[in-house]
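*Asks:* Residue strings, one per chain:
Number of protein chains: 2
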Amino acid sequence: MAGDDAATPPTAEMPSASLNPSPERRRRECIASIVGRGAVSDELIGKRIRVGGWVKTGREQGKGAFAFLELNDGSCLSNLQVIVNASVFPLAQLVHTGTSVLVEGELKKPPEGVKQRVELHADRVLEDGPADPSSYPIPKTRLTLEFLRDIVHLRPRTNTISAIARIRDELAYATHTFFRENGFRYVHTPIITTSDCEGAGEMFQVTTLFSDAEKLEKDLKNNPSPSESEIEDAKLLVKKNGEDVAHLKSLKARKEEISASVLKLNKAKESLAKLEERFNLKPGIPQKDGKIDYSRDFFGRQAFLTVSGQLQVETHACAVGNVYTFGPTFRAEHSHTSRHLAEFWMIEPEIAFADLEDDMYYAEEYVKFLCRWLLDHCIEDMEFMVKNYDKSAIDRLKLVSSEPFKRISYTEAVELLCSVTDKKFENKVEWGVDLASEHERYLTEVIFKRPVIVYNYPKEIKAFYMRLNDDKKTVAAMDVLVPKVGELIGGSQREERYDALVERITSAGLPLEPYHWYLVLRKFGTVKHCGFGLGFERMIMFATGIDNIRDVIPFPSVS
Amino acid sequence: MAGDDAATPPTAEMPSASLNPSPERRRRECIASIVGRGAVSDELIGKRIRVGGWVKTGREQGKGAFAFLELNDGSCLSNLQVIVNASVFPLAQLVHTGTSVLVEGELKKPPEGVKQRVELHADRVLEDGPADPSSYPIPKTRLTLEFLRDIVHLRPRTNTISAIARIRDELAYATHTFFRENGFRYVHTPIITTSDCEGAGEMFQVTTLFSDAEKLEKDLKNNPSPSESEIEDAKLLVKKNGEDVAHLKSLKARKEEISASVLKLNKAKESLAKLEERFNLKPGIPQKDGKIDYSRDFFGRQAFLTVSGQLQVETHACAVGNVYTFGPTFRAEHSHTSRHLAEFWMIEPEIAFADLEDDMYYAEEYVKFLCRWLLDHCIEDMEFMVKNYDKSAIDRLKLVSSEPFKRISYTEAVELLCSVTDKKFENKVEWGVDLASEHERYLTEVIFKRPVIVYNYPKEIKAFYMRLNDDKKTVAAMDVLVPKVGELIGGSQREERYDALVERITSAGLPLEPYHWYLVLRKFGTVKHCGFGLGFERMIMFATGIDNIRDVIPFPSVS
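Taken in sequence, the protein lines are chains A and B. Per the numbering used here, the first sequence starts with residue 4, numbered consecutively. Per the numbering used here, the second sequence starts with residue 4, numbered consecutively.
Hints are computed from structural coordinates only; laboratory data are not their basis. Please note that a few of the clues may not be correct.
Because identical chains cannot be distinguished in the list, a pair is counted as satisfied if it fits within a single copy or across any two copies.
[As the list claims (entries may be wrong)] For lysine to any residue, the following SDA-like pairs were computed, each having C-alpha atoms within a straight-line distance of at most 20 Å:
hint	residue 1	residue 2
1	K221	Y501
2	K291	S214
3	K272	N225
4	K394	P407
5	K224	G293
6	K476	R507
7	K218	Q290
8	K291	A216
9	K294	L223
10	K526	T161
11	K270	E280
12	K294	E217
13	K291	E217
14	K294	A216
15	K143	Q64
16	K218	E205
Make a model of the complete structure from these sequences and hints.
*Replies:* This is the structure we're talking about:
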């Protein structure tokens, strides 16, 4: 590494004054501010700047007199062309793909006829980090997304994954901005939960029983349980000390003498209790009545990773009005499809004093806002996606952000699908069954050619907390369907009537006790409210056209 | 509940046209937009508006001719005074604390001499949700924070908890805004991790072994394992079918005949394999060589909940420059103090091409930004905190947002603390020991009376990934200390030199294998980089003066 004064780390010997921030301290420019979104920032031309990044491609020219480096720092898709003279730095150390450099120099317009609109003439190389071309895992050649999944720690250095990272970041900020502008408050719902709302089978359990058992095993090895005879001895000592106390009392001995003997007795009792406690320690997972004794687990009962923050966030909607969550959720499903992860992120708004119509309104506005945001803030990355992954990605964003969403009832949707003659569906459609992805996509892609909201589903195929409609057959649920992915959002008006909710929980075969607090919200000052959930990764797949969910999350789950 | 056309949920019978959003649809105003931050929005006076909320206090007046309701909707601390005539609605149903109402009417200026600056004359009550005063858990009387911890689902309806919720939301948005303005990208680091960076003892384990064992037990009950004789019979069948094949072959029988017998043999083999698999199924947690067989767990090995996203987010800093995480982290510590939770939220920025000085710069700017944000956006809630919980809360925000942070080395800090004569510390100070909270608070509250950054700590008391200074005794670590809470931020420059990092991992007694990917970042295009972590709840405690961490997180952990 090439050292330099400005880059030397502070040491204990340095006077602290040198560590105060100074406005003159030169910071690096990010490449996005120079050539981001394809436009050159003219005001920087002719200026001295400092830039850091990784060499995408490099080559020596003019018989080794200078080198061209295509430098990228991940702030945007575009590279900055850097020219370094051989007198400045050993060029052979700079030109390999993957090398990091921090350079300083003047930003210039290149001669006419050159592709680049700007180039940096570096006269200082402040730092460099080599990358051995014989072993660097990301050579210049194009790599498959599948290959990159095995080097998750390096893949953000590729054009595709860094573009997705920027799109993901923009969608996250757009989410917070949309809800803030609409008066929603962000609420962190719990990740570890003891209420199992959707059936334990699909949930991950959170425990310290294994590590506790391991600790105990080690402990017992170093300090074995007492033997039965040790316990017997301790019991005898208690008995004897007890007799001593009684004896002294019967003799009406001095207070101090009695106190001393009582103290001795208590110590013996304590020591017996400790021995008995250790005697009863069993190695392994604690059991009780042939079952695992979760009262000895960290939380005193079984605990799981959340599958949704909805029920909990309702507590805040029913207190501070409009709220939303944005956090990780978990499913322990062993389905290794391209659309499922054990760990993924969800956005779940919840709206007070609002019904299904409001729900659909906000869902539509939110999706439109996200699409417009990408068109406004990410066009360079979106064009990359169009060129390399999905020709219609930008058209899709434009369509969704401009066309009003079509709204049809489930009943109408089923009728429409039943009358389709030009396509044979794999799954049968009839009133009462859930729509399959092929039906959803047919509705949005073929019949209406724009996003569709289907509402009022049969109650049998939807969750207990959805509000029963007056027809008693359907619930006030809605799904937003979009081209490419089908269902993007699922939502509903919540059952706010206490008796109706009790009835729904009971007829779903669920126990009432875990929902006690949820019912309490309906008992005191209940309000009509609704909400929906958007899978964040699903949204990124929709926007980018990337087909595998493992490529749109920074760290696909460890399995 | 009082129904009304606009509030009727859509049903399957309704024509879908009625569900398209109409601009005339009247939405409710939030109370913050009417009386938020203590200021009345004049342009609404004289207008018809719709407002929903919960009655804080209500009373009938004029011998039951009308009622005054103090209505709060959680959008701000202030209530809106609502006047309802007896002719509009049965008043006795409206006046109890906790009742929800959605009302419509004209916003008017009250007569001179009245405390309120505005009041709503409601002529319609569109919805109401009663709250039985004999059982409503949050009466008008002031309740302790401790009491409220037992009714987490209702406590956001109180002034204190809703004020904290708003402050928390503002700090979250301020966080995203600060980092965005400074060119940082938001990265979601994994929650479930198989790398145990800080010792398994403190981590929660994530597993499906218990539920898998339960399923297996049920399965074996319904469909018991085969007996040994069943296995023997199946083996005999395989043997016999094998002999048949051999026999037919030796007879040079017709191809079809041989194929049929091979098919039979294969079926017998398959059926034997299935029986043997079931025969080997053991109920309970799977074991291998006397230990739990984690290869049968969901991820094929042990998995834990993350304690920090730092190591993972470094992969993105070393690719897309400046990044940050904001997510939940977990510690399975059984310390039931007022400052620790099993589940809490952390913000961890990571900065490329940057050293410890940059780290301190961003940490200071970030904390100042958060403090200024609260002064600019939350003054009504902050004044409530000053009045009810911490007289100096606003002064503290002003101090921290305006005064430059003092920077001193650890060595200087220890010298200063050793020379203190007017205070006796409970913990001894000498070079080489970590500073206790009492020392940190003394430095910031007494000696410097402003935030202090202590940097360059002895390497022995800091983590392996912190960059070794040239003195070989200290590492480039820094802590930001603030009045009231002591350490608010911990950060460091990371060891970017491959050999130095290997040496640090090894001498910390850690295995190299789990850090393979982390070392790879140093092998190819390594860059100087640094980062820090801020506990989000700690920041809220600092800002509000609330002493117990359970009161500043919406859902304190289930234990």
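*Asks:* For each hint, tell me whether it holds in the structure or not.
*Replies:* Hints, verified against the model:
no., hint, verdict
1, K221 x Y501, "neither (52 Å within a copy, 35 Å between copies)"
2, K291 x S214, "both (19 Å within a copy, 17 Å between copies)"
3, K272 x N225, "neither (24 Å within a copy, 49 Å between copies)"
4, K394 x P407, "neither (23 Å within a copy, 52 Å between copies)"
5, K224 x G293, "between (25 Å within a copy, 15 Å between copies)"
6, K476 x R507, "within (12 Å within a copy, 66 Å between copies)"
7, K218 x Q290, "both (17 Å within a copy, 18 Å between copies)"
8, K291 x A216, "both (15 Å within a copy, 16 Å between copies)"
9, K294 x L223, "between (23 Å within a copy, 16 Å between copies)"
10, K526 x T161, "between (54 Å within a copy, 17 Å between copies)"
11, K270 x E280, "within (15 Å within a copy, 56 Å between copies)"
12, K294 x E217, "both (19 Å within a copy, 10 Å between copies)"
13, K291 x E217, "both (19 Å within a copy, 15 Å between copies)"
14, K294 x A216, "both (16 Å within a copy, 11 Å between copies)"
15, K143 x Q64, "within (19 Å within a copy, 81 Å between copies)"
16, K218 x E205, "between (29 Å within a copy, 12 Å between copies)"
Checked against the numbered hints given earlier, this structure breaks hints 1, 3 and 4; the rest are met.
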